[in-house]
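The chain contents come next:
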Amino acid sequence: MSKIVGHSVPRLEDAALIKGAGRFVDDIHFPGMLHACFVRSQYAHALIEKIDAAEALKTKGVVAIWTLDDILPHVSDHLLRTALPSPAYLQTLDRPILAGRETVYVGEALAMVIACDPYVAEDAAEKVQVHYQELPAVTDIREALKDGSPTGRCSRLFLAASWACSFHGDARRCRAL
Amino acid sequence: MSDDQQIRHIAVTVNGTRYEREVNVRTTLGDFLRHDLHLTGTHLGCEHGVCGACTVLYDGRAVRACLMFAVQADDASIVTIEGLADRDGHLHPLQAALVKHHGLQCGFCTPGMLTTLVEFLDMNPKPTAEEVRVAISGNLCRCTGYQGIVNAALEAAEVMAQQREGGR
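First to last, the sequence lines map onto chains A and B.
When the first sequence is numbered by our numbering, its final residue is 177 and no position is left out of the sequence of numbers.
When the second sequence is numbered by our numbering, its final residue is 168 and no position is left out of the sequence of numbers.
It should be emphasised that the hints constitute simulated quantities derived from the structure, not laboratory data.
One should not assume that every hint holds.
Stated by the list, open to error - FRET-style restraints, in silico, Cβ to Cβ:
no.	chain 1	residue 1	chain 2	residue 2	range
1	A	H29	B	G49	20 to 26 Å
2	B	R142	A	R23	16 to 22 Å
3	A	F38	B	G145	27 to 33 Å
4	A	L84	B	C106	38 to 44 Å
Just so you know, even glycine gets a beta-carbon here, dropped at the ideal spot from N, CA and C.
Isolated chain A (complex conformation) (with noise of 0.2 Å):
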């Protein structure tokens, strides 16, 4: 007889979770371990054309501002996969680790701030200077199906990022399968 099959099966993780004694990432603390603080894009569409950040590595207690240029001597792709392989994909929709010359989303994270403690990390990237170039960007899918509409990267021809499939036939007579 099947242990499982038939039966209700307590979860494993849950009598470490249910006290409060579970461990996530941020509950990992190790002697002189640093904290991070990302920069974001306050724009949903521009292009960055400097990111300031000698102000803010003065601020005693940070350890490094990192961009994506500082990033990619040391990375072999500089992307994150974000969708498995599709045919419905018309384009990649895999994204920068930190945005380059050209943000697409507010929020997006632009810089990366080290410090010893995650209060002086915030305080730092507040005082890094993005300079912005704005561009258009659509909010409204009416829009963004016009010709001509803005794209969400300069380099797409278009804003579509996959195309809905959808299947038609006689229901019927797949019951009677």
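With chain A fixed as given, assemble chain B onto it according to the hints.
Here is chain B on its own, set in the frame of chain A:
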């Protein structure tokens, strides 16, 4: 740390244990519990009062630990998820019911759900399902769809009523 920081001495009781600590005036109660006292059962989600994960009991009242400063807890009694089971490790009826009714999956919202519902059942020992839903409307869960949590709260209310009857 900046040189202009201000430090205060506080004495706070957490889960029955009294702690005296020097804290920065801008340290939130949530960070104080997690970083200074290493009580990481309280979870910080949104850090601006929306998600409810950081809810703790402050002199019996459910409060957002991300929206309070540690200095405001001076002389107060705090209860977190770590303080809900009894000394022998027996789960609070709400904890037992959440496990039984699949009221948690990833467990991130669980500390806030528990503390919110402990206060709620204290004020409303025989709630309807609708009242439970209103009570947890300030606590976001991305896993369960809430039905299991509501079922657990209703069962816990019954169990607690039976315990009160038995204790007479």
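Right, here's what the structure says about each hint:
The hint said 20 to 26 Å for the Cβ distance between H29/A and G49/B, and at roughly 25 Å that hint holds. Taken as a hint, the range 16 to 22 Å holds for the pair R142/B and R23/A, whose Cβ atoms sit roughly 19 Å apart. Checked against the given bound of 27 to 33 Å, the beta carbons of F38/A and G145/B, roughly 31 Å apart, stay inside it. Between L84/A and C106/B the beta carbons are some 22 Å apart, a value that contradicts the proposed interval 38 to 44 Å.
Hint 4 from the list above is the single one not met by this structure.
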